[in-house]
Amino acid sequence: MNYQCIVCGVTGSAHAQGAALEAAKLAKQQSARLVYVYAADTSFLKGGLAKQKGVEDSLVHLGEHIVDMAGELAVSQGVSPKKVVKKGPVMEVLKAVVLEEKADLLMLGHETRTIFEKAMFRGEVEDHVKELESKTGVAVKIVV
Amino acid sequence: MKKSIMLLMLFLTIIWGSALSATAEEKLTDAGPTDLLIVSGTITNAQGKPIKEVKIHFSINGKAVELTEEVSTSKAGRYEAEIRVQSGLLPGARVEMSCEKPCYKTVENIVLDNIVRERDCEEGGINFLAHHSLTLSRSITPAFWIATFILAGVYALIAFEFMHRTLAALLGAALILTLTYTAGTFNSDYEILTFEDAIHAIDMNVIFLLMAMMIIVGVLKKTGVFQWMAYKSYQLARGNVFALASILMVVTAVTSAFLDNVTTMLLIIPVTIEIAMTLKINPVAFLLPEVFASNVGGTATLIGDPPNIMIGSYAKLSFIQFVQNLTVICAVCLVFTVIFFCLYYKKEYLKAQVGDISKMISHLREEYKITNAKLLTQGCVLLGITIFLFIIHGALHMEPSIAAMFGATILLVISKVDIVEMLEHEIEWPTLIFFMMLFIVVAGAEETGLIQVIADWVKDLSQGSLVAAILMILWVSAIASAIIDNIPFTATMLPIVAYLNTVIPGAESGILWWSLALGACLGGNGTMIGASANVVTVGMAERAGHPISFMYYIKVAFVPMLVTIIFCSAWLLLVEM
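Taken in sequence, the protein lines are chains G and U. The numbers in the working numbering rise by one with no breaks, and the one at position 72 of the first sequence is 72. The numbers in the working numbering rise by one with no breaks, and the one at position 257 of the second sequence is 1257.
It is worth saying that the hints were derived from the structure and are not from the lab. Do not take every clue at face value.
[What the hints assert, rightly or not] Short, incomplete list of chain U residues facing chain G, as computed with Cβ under 7 Å:
| no. | residue |
| --- | --- |
| 1 | A1081 |
| 2 | L1266 |
| 3 | I1273 |
| 4 | G1539 |
[Said to hold, decoys possible] SDA-like mimics (lysine to any residue), calculated; alpha carbons at most 20 Å apart, straight line:
| no. | chain 1 | residue 1 | chain 2 | residue 2 |
| --- | --- | --- | --- | --- |
| 5 | U | K1351 | G | Q17 |
| 6 | G | K95 | G | K135 |
| 7 | U | K1280 | G | V75 |
Values in this document were obtained by computation on a predicted structure and should not be read as measured data. All residues carry an ideal CB built from backbone N, CA and C; glycine is no exception.
Please model the entire structure based on the sequences and the hints provided.
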């Protein structure tokens, strides 16, 4: 399939950065637009912490650094990506960016999670593929 | 017409009611000269603590005495009753008293055999005096079991995260009060805690202190100072990763000693992760040492950690007393923390690709600069004044919350920060309400005798030995705080330790408070759920793509936590000697 726009969700993990590299290669191969997105998601914070000002901004700073790292990978492949950092829950941010960019592929890195993390962050990345596909209406590819 | 009759009836009822109250007294005075018997005394529990609101009834020669006002003990456990008796009846009459209070065994027919003649009155009667103090023993009533069940339930709901901890505590407090005013109204065996006692149980010193410190942190946060400190750490280390890790640990510990651990971590973590990622090392190798140091630093002062605030307020311990008793051992623990983690993550640190230091420093300088220097100056000056007031609050007999409220309020005034925004976003109302409701739940357990049962059990287990009590409180607090939230644990332990201070020889110095503070604060380092700062760190790390598993956290942090508790054991025993 020929993709016009690829959105790749990134974090600082090796898996996510691996997915970023794969996305860059695919974008180069198909001459597609590439968008890296990081969600500054504070929904895991309880007791009003998430609402505190500065916390989200702090994560945004980190997110900018993370998308810059992914950007360097893309540039190494000869692709100039668009870098987006948005505040909000991961799923909502991904959906919003896919729709805004009119993307036709969403790529994510596989993240291994422990039982505790699954409880804290509601499951693994793979658990959300179907939900993401139905929410965004585009194909979702997990890079292992 | 109907309305007039009703009004007349209401008037007559009021007149009749007031007349009735005087009847008992007047009956006697009308009958001729009377004598006056004044009975007084104190009622305490088995531990010598006064019991308030004990209802006392009297009888003379088997006939109940009608008094104009019900006699009950004051907050200090004292009572005084004036009984008019027919002239000539005393001192030969058999005067008896009975005492009753929910959750205590009712004592009946105590003979007052020490009635003495005081003086003759001008009106013709004689005044007699009697003094009788007594001890009431606890009774295991349904209220005891209900309060036990509620306290255990709140713990379980919080531990297993079935619901938000504030909601769990709110539910517990609501149940206690509702049961008291429904079932307890008809049967005093179900009376757990009155509304007045519930309000009295809320330690507003703790609430105001937490609130004020949240405001100060909220203002300082706006200046970017927390992130700036992380950047400065990198600048100081000049590419030496071991030095960087050590500086980050010390900075986090010192900041956490005066400001909220969670906020400190929340704001330092993203910069730390960024630095670690630039150095191409796993950020976890910086984050775990940082949060460990944060909990160690928070233990050092009265305002460093919520358990310390609670202990300081309950035991009336001053800021200086905390510094004198905890700062040295916390400094020792911090030195150990730095050495341990530098060795533990040695391989990871050696993997770092330092690269162009000047470029990185200029990048961080640009990204994490002080955003509002004027506000920072104002914040630092007011924080300094607040800390100065903390230092002298003991001498001024001023609650530490007053010092914090003063600092926070003046800071709000001079900085012209939007007060509504501050109140909405920077004050963690759920946390404050959690504290308030928790105080009520624990007061319910205390009122019905559960806390006393646990305290007696701890006392028996320690066999009255101070050393055993110190070690037991320290280690039990540490292990418990690693597993459950240390705030409800500390709240429960406060009355227990207060009791042990009075019954264990040598504990009057208050050393058991330091055992509790060290155990409750440092124990939280053992697991990722042991302290709020740990949970936040794990969450932030995961959001950055570097998850920390539950077992990994235990593997890294549990042993050093135990070592710090061993240090504390040695320190406390040394102090005790």
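So, going through the hints one by one against the coordinates:
Interface restraint check: A1081 (chain U) against chain G, minimum CB-CB distance 50 Å, threshold 7 Å, status violated. Among the interface hints, the one on L1266 (chain U) holds; its C-beta lies about 5 Å from the nearest C-beta in chain G, closer than the 7 Å criterion. Look at I1273 (chain U): its Cβ gets to within about 6 Å of chain G, closer than 7 Å, so that hint holds up. Contact between G1539 (chain U) and chain G, as hinted, is supported at the beta carbon level, the nearest pair being about 4 Å apart and thus within 7 Å.
Between the alpha carbons of K1351 (chain U) and Q17 (chain G) the distance comes to roughly 19 Å, so the proposed pair stays at or under 20 Å and holds. At most 20 Å may separate the alpha-carbon atoms for a hinted pair to count; K95 (chain G) and K135 (chain G) meet this at roughly 7 Å. Of the supplied pair hints, the one linking K1280 (chain U) and V75 (chain G) holds, its CA atoms being roughly 19 Å apart against a limit of 20 Å.
Checked against the numbered hints given earlier, the structure breaks only hint 1 and satisfies all the rest.
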